[in-house]
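*Asks:* Sequence:
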Amino acid sequence: MAEWRKRGEFSRSRRARQRRAMRLETLEPRLLLSADVAGTLDIPGETDRYTFSLDRDTQLYFDALSADPSISWSLSGPRGAEVSGRGFAFSDSAGIGENPVLDLRAGDYTLTVDGLQEATGAYAFRLLDVQAEAVGITPGVVVAGTLDPGNETDAYVFSAAAGDRFYFDAQDVSGSAYWRLL
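Residue 182, in the numbering used here, is where the sequence shown stops; the numbers in between run on with no holes.
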């Protein structure tokens, strides 16, 4: 800070020599389970992080609402890395060779979205709480639904006892929809 003296001399005040420290922190948005999340990687090397907490053991399903194979996601939590660098296009499609349901423990988690190499672009996803969001159905009763957008996931649940046998009868399927029993 400068001050003007009566004689017209201009001098620096001692207060001007005080340094002010400022710390900039990146705020990681809180992720709301089952809500759509949309973002954009605008510059090469950009990484977007989302945090959430689970107060109980929970089964989550990563539902990729965009399918850019050059954008990936990772999830870390109390046990370390749960998922590492999984492409959006291979997260919940028929091409994933493992159970896509994440069996997570209570605790704090960080979901990271990253472009492979220098990739940029828009992305969208949601983390479905399978137990809370799955729609109950009754075997033998027709279930109709629409996937909108076409690459979203709908989850259904029904009760069965060990030894019960069921037949899945897809009656009116359009597009390239598929189903998976978990």
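Honestly, the hints are just simulated from the structure, not real lab data.
Model, not experiment: these values are computed from the prediction.
Don't be surprised by glycine CBs; every beta carbon is placed ideally from N, CA and C.
Errors might be hidden in some of the hints.
So the derived label-pair ranges between C-beta atoms look like this [unchecked claim]:
(1) Ala81 x Val143: 31 to 39 Å
(2) Pro29 x Gly121: 17 to 25 Å
(3) Pro29 x Gln131: 19 to 27 Å
(4) Ala162 x Ala122: 39 to 47 Å
(5) Leu33 x Ala122: 37 to 45 Å
(6) Ile43 x Asp169: 29 to 37 Å
*Asks:* Next, verify each hint and record whether it holds.
*Replies:* Going down the list of hints, with the structure as the test:
1. Ala81 x Val143: 31 to 39 Å: Between Ala81 and Val143, where Cβ atoms are some 36 Å apart, the hint holds.
2. Pro29 x Gly121: 17 to 25 Å: For Pro29 and Gly121 the Cβ distance comes to about 19 Å; the hint holds.
3. Pro29 x Gln131: 19 to 27 Å: Holds: the Cβ-Cβ distance is about 24 Å, inside 19 to 27 Å.
4. Ala162 x Ala122: 39 to 47 Å: holds (45 Å)
5. Leu33 x Ala122: 37 to 45 Å: Between Leu33 and Ala122, where Cβ atoms are some 22 Å apart, the hint is violated.
6. Ile43 x Asp169: 29 to 37 Å: violated (49 Å)
In summary, the structure is inconsistent with hints 5 and 6 from the numbered list given earlier, while agreeing with the others.
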